[in-house]
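Chain order of the listed sequences is V and R.
Using numbering that gives the first Met the number 0, the letters of the first sequence correspond one by one to residues 0 to 271.
Using numbering that gives the first Met the number 0, the letters of the second sequence correspond one by one to residues 0 to 378.
Some clues are possibly wrong.
[Said to hold, decoys possible] Derived CB-CB ranges, DEER-like:
hint, chain 1, residue 1, chain 2, residue 2, range
1, R, 336, V, 42, 47 to 57 Å
2, V, 127, R, 128, 20 to 30 Å
3, V, 250, R, 231, 39 to 49 Å
4, V, 2, R, 202, 18 to 28 Å
[Claimed, not checked] Listed next, the in silico BS3-like pairs over lysine-lysine satisfying Cα-Cα at most 25 Å (straight line):
hint, chain 1, residue 1, chain 2, residue 2
5, R, 195, V, 42
6, R, 293, R, 308
7, R, 46, V, 261
To be clear, the hints were calculated from the coordinates, so they are not data collected in a lab.
If you're wondering where the values come from, they're calculated on a predicted model, not measured in any experiment.
Yeah, the Cβ is synthetic: ideal placement off N, Cα and C, and Gly gets one too.
In case you want the letters, here they are:
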Amino acid sequence: MINYEQYLRTEKLPLIWCPGCGHGIVMKALLRAVHEAQLDKDKVCMVSGIGCSSRLTGYVDFNTLHTTHGRAIAFATGIKMARPEMHVIVITGDGDASSIGGNHLIHAARRNIDLTVVLFNNQIYGMTGGQVSPTTPYNAYASTAPYGSFENNFDIPQLVEAAGASFVARGTAYHAMPLTNYIVKAIDRKGFSLVEALSPCPTTFGRRNKQGDGVKMLQRQKDHTISQRKAESMPDSELNDKIITGIFVDIQKPECREEYQKLIDHKKGKGA
Amino acid sequence: MNTNTRVLTGNEACAEGAMAAGMRFYAGYPITPSSEIAEVLSGLLPKAGGVFIQMEDEISSMAAIIGASLTGTKSMTATSGPGFSLMQENIGYAVMAEVPCVIVDVMRGGPSTGLPTNSSQGDIMQAAWGTHGDHPIIALAPSSVREAFDQTIEAFNLSERYRTPVILLMDEIIAHLNEKVRMPAPDDYAVINRVKPNGPGEDYLPYAFTDTDVPPMADFGSGYRFHVTGLTHDPTGFPSTSHDNVQALYERFDRKINGRRDEIVSAEYFYMQDAEVVVIAYGSVARSVRHVVKTGRVQGKKIGMLRLKSIWPFADKLVSDATCNARAVLVPEMNMGQIVRQVRAVVHGVPVFAFNKINGAPITPQDLEKEIGEIYDQL
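Isolated chain V (complex conformation) (with noise of 0.2 Å):
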């Protein structure tokens, strides 16, 4: 049985999301898997942009960075580049990592660095004020789509393995241990891991789509989302309106600070 405590800054409590935000479990998720994974603490840095989810760095006890709107995938990068032997663990939002940062997204999954990215969608700028983010759904509202967004949205575990990521699932906060355990896998992989955590926003996303509190939300996550293993075998038709979690890239592949560790292997031995 775990005890968040030894992971949590205590005396920074309580949280700064609102009543209802699925942030707190996909918190609690993270943490399962960083003890699951028996991270040890000072080896662990956890970094993060702007927005709702980023402010979690503020409350884990680990080396916490805090950064700017959307750069949290770039200034990881100097850390594991810098220091390969971190575990080097990113915080971001659907528009801090897809929106602002989308360049540092697909790039850092092309070179396949060893990051574990856990991306909250909350499909909305929460702290911002519920501004219509890239994976805000067509038509849903945001309080700069008073009419319905007329933009297509993202398919964020798509993209990144399309980018070159070597693992990719989604997960939700309604089903939790699932969501821990994505993470962990994400944790051991070496390589670009970028799990999307959806988590309901009641405060600026539901309120303006009319899906109620965060227990409501919760529900419609569980009533809109299937796993991959049983969509496979449904017809198109009744997986319209469902969104699909589970694992979608788990492989091997060259990694981006264990290819330069030869580099500088066969260099230094060659002498300077």
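Position chain R relative to chain V; hints supplied.
Relative to chain V, chain R alone:
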């Protein structure tokens, strides 16, 4: 040729200087006229066990060097005008989070893509005020290839000593100039490393108020688990918006750099003892000024040069003292007059003339002889 003598460009000397300073992490994005710094370092770093990475843009380059520096690795990036603009937000982050690092800006004409392969001194003010907010900064400007080497080491030393980003403002002329350089031996220069904490982790305050105003800095991964943020913070490093904390933080930033101008500011005095016309110059322009001072002296004109080796914090007292007995001051710059305003703010009772050339071509001795002749006519 002495084995310690090499022919190098300013960009190559900068890369060599960074290695000599102990820099072991470079992240950058190619841009003319700075690219040779990255090209040279991509070859040198792995041989020294260091890391070179070409990032996807300048924003991530700046972010990556901050991340690397937090692990205790001396880090730098190099860029030119448009890239420097992109780096500004994260340079501000490095100021706020007090993360040592070096940013080389090889100045080209701007705004926008401007003059990619021509020289300029247009980023003087961007170096000081490019980020939002109000904070001090340190910037140096080399006038020779050897000085590009020396000042790169100096930039690292200052950044480590004051826990702050330091900017090396090199103009394209110095960056691409080939010069014979007598390379110093490692014993000939000092290498300064940041002060690290030695007490127990639970007592560590990463943003403590200390006598030096520079808190000791622990490496990520060394057992001191602390929080770093770009938000205003208290001595523990956690966000604070308390008026007292915020005011104290900004005042400490100001004290640790502006309060130590005497340690940071440096200049060269050339025929200044009895100078009637003082030319204040920096970067490549000082090369032409030197020639004009020498030829002017032969003609009996009492001309002297005050060459600014550091740009920020500005050499207020030094400029004021050095010009108090002059009859005229001339500030030639490859911009529309950025340093001359600083000079005018501290020089009183002596006319200050500006000479501004911003067409990408160097300021030549002929340009200056004409200008100085006109100044003499007015005296």
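Structure-based check of each hint:
1. R:336 x V:42: 47 to 57 Å: 52 Å, holds
2. V:127 x R:128: 20 to 30 Å: Cβ of residue 127 of chain V to Cβ of residue 128 of chain R: about 26 Å, so the range 20 to 30 Å holds.
3. V:250 x R:231: 39 to 49 Å: Given about 44 Å between the Cβ atoms, the range holds.
4. V:2 x R:202: 18 to 28 Å: 24 Å, holds
5. R:195 x V:42: Judged against 25 Å, a Cα distance of about 18 Å means the pair holds.
6. R:293 x R:308: Satisfied, since the Cα-Cα distance of roughly 20 Å is no more than 25 Å.
7. R:46 x V:261: 11 Å, holds
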